[in-house]
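Whole structure, please, built from the sequences with the hints as guidance.
Line by line, the protein sequences give chains Y and V. For the first sequence, position 158 matches number 254 in this note's numbering, and the numbering has no gaps at all. For the second sequence, position 266 matches number 1490 in this note's numbering, and the numbering has no gaps at all.
One or more of the hints may lead you astray.
[Said to hold, decoys possible] Cut-off 27 Å, straight-line C-alpha distance, at most; resulting in silico cross-link-like pairs (DSSO-like, lysine-lysine):
#: 1; chain 1: V; residue 1: Lys1387; chain 2: Y; residue 2: Lys235
#: 2; chain 1: V; residue 1: Lys1429; chain 2: V; residue 2: Lys1482
#: 3; chain 1: V; residue 1: Lys1482; chain 2: V; residue 2: Lys1460
#: 4; chain 1: Y; residue 1: Lys235; chain 2: V; residue 2: Lys1392
#: 5; chain 1: V; residue 1: Lys1482; chain 2: V; residue 2: Lys1438
#: 6; chain 1: V; residue 1: Lys1429; chain 2: V; residue 2: Lys1387
#: 7; chain 1: V; residue 1: Lys1429; chain 2: V; residue 2: Lys1419
#: 8; chain 1: V; residue 1: Lys1396; chain 2: Y; residue 2: Lys235
#: 9; chain 1: V; residue 1: Lys1389; chain 2: V; residue 2: Lys1235
No lab work stands behind these hints: they were computed from the structure.
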Amino acid sequence: MTSMPRIRANRYSVMTLEWPKDSGPLDSWLRLQCDKAPALMQEIAIVLKPAMEHTASEISEAVDLLDQLGIGLIGLTGDPQHRTVADELGLAWLSSNNVTVDPDTPEAVSARSPVPDETRNSALVIEGPVRSGVQIYAKDRDLVIIGQVSEGAEIMADGHVHVYGRLRGRVAAGVSGQADAEIFCLTFEPELVSLAGMYCGSDQIPEELWSARVRVGLDGTAQKLTFALMG
Amino acid sequence: MATVVTVTSGKGGVGKTTSSAALAAGLAKAGHRTVVIDFDVGLRNLDLIMGVERRVVFDFVNVISGEATLNQALIQDKRMENLSILAASQTKDKDALSEEGVGQVLDQLADMGFEYIVCDSPAGIERGATMALHFADHAVIVTNPEVSSVRDSDRILGILQSKSKRAKEGGKVQEHLLITRYDPVRVDQGEMLSKEDVCDILAVKLIGVIPESKAVLKASNTGVPVILDEDSDAGKAYSDAVARFLGDDRPLRFVTAKKQGLLSRILGGGD
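Structure representation (structure tokens):
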């Protein structure tokens, strides 16, 4: 089977660097950020949003600065008058989301029509067993393990974690702080359970849940783990 | 095509070398041309267990570094003509094992017509062990019925399925579990994990349970692979394990405690 090229709508997470006119020098502030979190600053994709009052040459200097610091600038956004600056600098122009559209124009119709949700990441499915010493992290998605997770293994996801088997290792869901993440498990014997930063060891797990089919979530305050038996 | 069988465990002292010697001798006895290689460079033992320690002139590292040919280094077993031994170096360390060098030696052995290449892995998860399992087609995981040994075996299984050549090429190394030093009496008393517990934790197909036996120490000291001691319980259990490895279906023996009579309990008889 040959696969054809195609164009699909996708959403990516991009940072916006907001740059008000009255802020201090961008140079020293950016260098400070790079020192604080060098890896983050090198990895993220950034869109620069200058204030309306910034001149074309100021924006051009800022773009050079970002380039020097190795920050991945992908385009400009903000006031439509800067669109020409983006064109001149060879950068993409991203229109802001909160553009008001006249309800009768065709754009508005297409904006309201249901579009397939392409932001959903499919779950990472791993066929077990996950052995001691193995670490699995499902970034920005759910994790499904088919089979057992041994003692000494670590499974983590930004989303939910499902284990269709015996869970003996360490498990963490919502590791980037997603308080709605949950853990589902057929045979629950974990070393450690963690949800959005709240955690408990196996000695704190109620005895009646041991080896049972268990669902772990956070309570309304996101300060306490809640355990429930699944039918 | 030669089949590479790595005998490994993670933890030391569980019976890898004893099992390697038994497996190699068993395969040879079943009519397969077999070579057994000691990967424990710096701490060689296999030559002792095989009873060839006085015949080691050149070793595995000599062959890898080009100081000797494979023919010079291979020691033919005096009991079975289709069994050969490649000893480890005692003076070098495990850094001498290069992936390229090990690969070349294994290829050469295959070209020489060996059907099975048994690799006796050192303990640990460092270079010697990873080299021994890198080229594995099959892995025999040797475990004692005891929690730390089982956990280390689990760890080595993880490494096997992520770092071996087969795994990297998208395949799978075939795993076999061999439980050694099994004492059914202590299992019944709850002092030892049962074979069911071990299988449950590791989720690997069991090919044999070797009972704790005096015959093993005796065999090691006399340089005869215990599988050749056909009257001993351990020897019989290893024969069964080799037969299962080759695809035979045999019931497990020596896994239930013998019922001792009152008299033998008083006199402390039985073995």
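Right, here's what the structure says about each hint:
1. V/Lys1387 with Y/Lys235: Within the cut-off at roughly 22 Å; holds.
2. V/Lys1429 with V/Lys1482: Answer holds: V/Lys1429 to V/Lys1482 is near 26 Å, not above 27 Å.
3. V/Lys1482 with V/Lys1460: 17 Å, holds
4. Y/Lys235 with V/Lys1392: 22 Å, holds
5. V/Lys1482 with V/Lys1438: Within the cut-off at roughly 17 Å; holds.
6. V/Lys1429 with V/Lys1387: 21 Å, holds
7. V/Lys1429 with V/Lys1419: 11 Å, holds
8. V/Lys1396 with Y/Lys235: Since the Cα atoms of V/Lys1396 and Y/Lys235 sit roughly 26 Å apart, the hinted pair holds (cutoff 27 Å).
9. V/Lys1389 with V/Lys1235: 22 Å, holds
In summary, this structure violates none of the numbered hints.
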